[in-house]
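Take the sequences, apply the hints, and build the full model.
2 protein chains.
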Amino acid sequence: MSFNLVQFIGLVAAMLTTAAFFPQAIRAVRTRDTSSISLATYCAFVAGVTMWLVYGIIAKDIPIMVANALTLVPAATILGMKLRYG
Amino acid sequence: MSFNLVQFIGLVAAMLTTAAFFPQAIRAVRTRDTSSISLATYCAFVAGVTMWLVYGIIAKDIPIMVANALTLVPAATILGMKLRYG
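If you read the protein sequences in the order shown, they are chains A and B.
In this text, residue positions in the first sequence follow the numbering used here: the first is 1, and each later residue adds one.
In this text, residue positions in the second sequence follow the numbering used here: the first is 1, and each later residue adds one.
If you're looking for bench data, these hints aren't it; they were derived computationally from the structure.
Careful: at least some of the hints might be erroneous.
Stated by the list, open to error - Under the rule of at most 20 Å between Cα atoms (straight-line distance), these lysine to any residue pairs were calculated in the SDA-like manner:
1. B/Lys82 <-> A/Leu16
2. B/Lys82 <-> A/Leu39
3. B/Lys60 <-> A/Asn4
4. A/Lys60 <-> A/Gly10
Unchecked claim - Covered by chain B, according to a simulated footprint, are these stretches of chain A (three or more residues, beta-carbon under 8 Å):
5. 5-13
6. 29-36
7. 39-47
8. 52-63
Idealized CB from N, CA, C, for every residue including glycine.
Set out below in structure tokens:
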């Protein structure tokens, strides 16, 4: 399978947008400070990522399944911390 | 074109993950409080969304182009506010 430039860009984009939320989750857990984080943003984001996961499962699309299952971990953590600490 | 359940789930997922960051951007602009927001998260997220946009343009994939162009607006706003106000 020749791995062309477009696939490489897509792979890096997926890795970045998947990994992006881990620092925010770690910061929220460590500091318990979620004051400037928007609850609406993370409610919509967790719902959206969950639906992408459902989409990936039904469509049997492994990259979408894996990327969104990974993203759901920090996103749900941030939402949980926001609900807990306000 | 029959619009089946999987496409519907994908569309709703895309709308949610695209719209999700507008409340955080509005909150950041209004309050100028970005103290508990992770700079690393938004650097990675803006970079990732930008690469998804490049991917969509090269692959001529309109939904990916539109979703990521829209997401880039609030994401870059949040990053700008974080850089400006710390």
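Right, here's what the structure says about each hint:
1. Between the alpha carbons of B/Lys82 and A/Leu16 the distance comes to roughly 19 Å, so the proposed pair stays at or under 20 Å and holds.
2. For the proposed pair B/Lys82 and A/Leu39, the alpha carbon gap of about 18 Å is at most 20 Å, so the pair holds.
3. With a CA separation close to 15 Å, the supplied pair B/Lys60 and A/Asn4 stays within the 20 Å bound.
4. Our distance criterion of 20 Å between C-alpha atoms is met by A/Lys60 and A/Gly10, whose separation comes to about 18 Å.
5. As drawn, the stretch 5-13 of chain A meets chain B at 6 residues by the rule of a beta-carbon pair under 8 Å; at three or more, the given contact holds.
6. Coverage of the stretch 29-36 of chain A by chain B holds in this model, with 5 residues showing a Cβ closer than 8 Å to a Cβ of that chain against a need of three.
7. Beta-carbon proximity to chain B at under 8 Å applies to 6 residues in the stretch 39-47 of chain A; the threshold of 3 is reached and the given coverage holds.
8. Chain B is given as covering the stretch 52-63 of chain A, and this holds because 5 residues of the stretch bring a CB closer than 8 Å to a CB of that chain, at least three being needed.
The structure shown violates none of the earlier numbered hints.
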